[in-house]
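With the hints as your guide, set chain L onto chain G.
2 protein chains.
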Amino acid sequence: MIPSDLSGALDREQANAELFELLRIPSVSADPTRAADMARTAEFLRAKLGKLGFAARVEATAGHPVVYAERLQAPGRPTVLIYGHYDVQPEAPLEEWTTPPFEPTVRDGRIYARGSTDDKGQAYAHVKGAELLLSRGELPVNVKFLLEGEEEVGSPNLDTYLRENAAELAADVIVISDGSRFAPDVPTITYGVRGLSYVELHVQGANRDLHSGSYGGAAPNPINALCEIIARLKDDQGRVTIPGFYDGIEPLTDEEREMWAGLPHSDEAFAASIGVSALPGEAGYTTLERIWGRPTLDVNGIWGGYQGEGSKTVIAAKAGAKVSMRLVPGQDPARITRLIQEYVPQIAPAGVTVEVLDHHGGQPVKLSTDSPYIRAADRALERVYGKPAVFARTGGSIPIVAAFTEILKAPVLFVDFGLNEDAPHSPNESFAVQDYHNGILTSAYLLEELGK
Amino acid sequence: MIPSDLSGALDREQANAELFELLRIPSVSADPTRAADMARTAEFLRAKLGKLGFAARVEATAGHPVVYAERLQAPGRPTVLIYGHYDVQPEAPLEEWTTPPFEPTVRDGRIYARGSTDDKGQAYAHVKGAELLLSRGELPVNVKFLLEGEEEVGSPNLDTYLRENAAELAADVIVISDGSRFAPDVPTITYGVRGLSYVELHVQGANRDLHSGSYGGAAPNPINALCEIIARLKDDQGRVTIPGFYDGIEPLTDEEREMWAGLPHSDEAFAASIGVSALPGEAGYTTLERIWGRPTLDVNGIWGGYQGEGSKTVIAAKAGAKVSMRLVPGQDPARITRLIQEYVPQIAPAGVTVEVLDHHGGQPVKLSTDSPYIRAADRALERVYGKPAVFARTGGSIPIVAAFTEILKAPVLFVDFGLNEDAPHSPNESFAVQDYHNGILTSAYLLEELGK
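Protein chains in written order, with full-length UniProt numbering: chain G, 1 to 452; chain L, 1 to 452.
Note that these hints are calculated values from the structure, not bench results. Just so you know, even glycine gets a beta-carbon here, dropped at the ideal spot from N, CA and C. It is possible that some hints are incorrect.
To spell it out: a stretch of chain G is covered by chain L in this simulated footprint if at least three of its residues, at any positions, have a beta carbon under 8 Å from a beta carbon of chain L; those stretches are [claimed, not checked]: (1) 204-218; (2) 222-235; (3) 270-277; (4) 309-316; (5) 344-352; (6) 419-429.
This is chain G alone, in the form it adopts within the complex (with noise of 0.2 Å):
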């Protein structure tokens, strides 16, 4: 078959207007008065896949929907499974950001809207690239898709899902579009996720609040200890403190560390770009191997006592945090939230009373860079931006690339067309219209390749 060019026969247009619609639906996994319009959702794209002739229903789960789609017309080819999520991170802090995050707007170039790159921009971008496909005939192999809603909230239910339809679900390859590309311009395939381990620090001092001044100098303070405990994490050259936490990590390899050094990559504009004049981390690591081959320890939030206008001379009864880690292949993530949850009563000062909460995790993934579905999208690649792909690996983690490697037992390739810039998970997320249309077409060439 003559590889087709269908970046003609793409309708910009109504490619856009269709995704403004799917944003517009405020589609928070993590938030419970949002149950309705993650059903919304889901049905907005069960209505679309069924439009273009795939069997697509809603399913249930203990938690929000899945909506699953095949179109197995392709015998005796390969079965492509695609994956996405449709819930979107919680918009706050709401006042930060320039227009709406429910009412997609362009400028310059890019979609500004919660879910606009992370998800619902990048898994739409495969719906629309079957459908360009099918503008031209028949897909060229079987086609499968399972669009999740749990996604943000560590996809607590996908397991179960994944077991109970183990069989329905078998496919060759599973493709997933839920990242970042190394830089504009640059065709990416990511070989490798981080993992994770989400806790939440509880830290209680006295059965209430109370006045600084009748008890400051012997009350316990919670968010003094809290910080106290925080800051005990790591170390002053950036190391994780927990004990345990490095064993059996795996090193990064000469070969590695070479390809990554070879990346065009400022630290100057790296840190330029988030405005910040140091890059602090890990001692004996580049920044890149510091994102993508080691684990971190971040706090993601923290709060106690008065947040108010003005001054209160309070000692709070009770301070939290959130604390997540990211992992890397050789860390489990039940086994260091195991680790943190027993060093954490450990380096509590006296007087307080910590509980370790244990949020989600995911396991970190590292694929072959030679498998024949790499090389595939790395000619569908070439053929959108007419130059081969680089190959790096993503800080973020896929919790569920791990069911999907035990349970499927198929490998994951991941095609990203997303980019850091577009602030994914915070105020004013974008994602370029261009990356947008490119994502349709890479989908398109990727389906093609994968034919052959």
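Coordinates of chain L only, in the frame set by chain G:
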């Protein structure tokens, strides 16, 4: 003149009803939306004092108004200035109140309401004390009331008011009831108060919130940085590490340490009363010494990143905390604030920028225990409680005490009616009905004793 027994003459029902009316007005000085309530509270007090035959007026300031009233019918007799404040702390966290903070409710002999003990209840006891004496004839001394509305926000405008009205406010002694007695049934005269330096720390990392996967390991995390800064402000002996912090402090005298060691205090009972297992603090000092006679540093509030439901994998752009230091004689609030403003940038981790905002301060004060005024208070208390008073200090701060001593050049007499267990500044603040009534009697007897 024969000491009168006024106990039988006190209409307790009426006294309670009036206080409840006062407590129903949400006079939160820190909340800009409650300016009208502040004005209503001031007018309530002016009207009451006017009815008692005081020349009473509400005086505008650059902030919330001051209520001033005087009745000068005792030529040749001493003049007593009674200070109190009608503003209250914010009620947050509202959900922890058993009954609404501004709907006074009596349970188990206690009046539950914001401001019940700090300071509406204690200040109004003096108003009722004067009324009680007037029911028997003219006041035996000249009495002036100064009731301000900005004590809980650091009395930013009172200094100016005192300077501009120094002549009118002139007094032989200033009486303040805005604190706690040592224990139930223990009449207490407080001869020292701690000072205060209150600052707000702001830490800025990147120019926007970042995805903790894509940036974790390289981007500075302002929450981790804030925790490190706060942890570094104290050493493992509970001492504040700010260079020069302890310079010039008047050491506790052996006499004071012995006197306090003799007071009925049990660390076990104290810890149990606030539900903690230990009382951490500066090494080498007893609990009472740490609260009354030594400086401290406490974080009163902290915030940053995601505080909502579930998990959000974000590296916040900024974080902040409110930090207060209680000071003792020999420490100057302005100097301490300058020291921490110089120190924090020095201990801030790389990659973040910090800002230390000055909220407000208060001078520490210590008084001589053998003045005739303290003796008069001792006699008045003995008439109410049937036992001599104990001499204590308080860990709290009354920022304007220094202004009184400096500007009005009059000694300040602390006769407190409340208790620590009243939980001022906390949810479910309360004031024992009995303590309120004893306060009224103490106030009346004190005026008699001062008139001798």
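Going through the hints against the structure:
Chain L is given as covering the stretch 204-218 of chain G, and this holds because 14 residues of the stretch bring a CB closer than 8 Å to a CB of that chain, at least three being needed. A stretch counts as covered by a chain when three or more of its residues have a beta carbon under 8 Å from one of that chain; for the stretch 222-235 of chain G and chain L the count is 9, and the coverage holds. Counting residues of the stretch 270-277 of chain G whose beta carbon lies closer than 8 Å to any beta carbon of chain L gives 5, which reaches the threshold of three, so the coverage claim holds. Proximity of the stretch 309-316 of chain G to chain L, defined as three or more residues with a beta carbon under 8 Å from a beta carbon of that chain, is established by the 8 residues found.
A count of 4 residues in the stretch 344-352 of chain G with a Cβ less than 8 Å from any Cβ of chain L is obtained; the coverage claim is therefore met, three being the minimum. With 7 residues carrying a beta carbon less than 8 Å from a beta carbon of chain L, the stretch 419-429 of chain G meets the three-residue requirement, and the given coverage holds.
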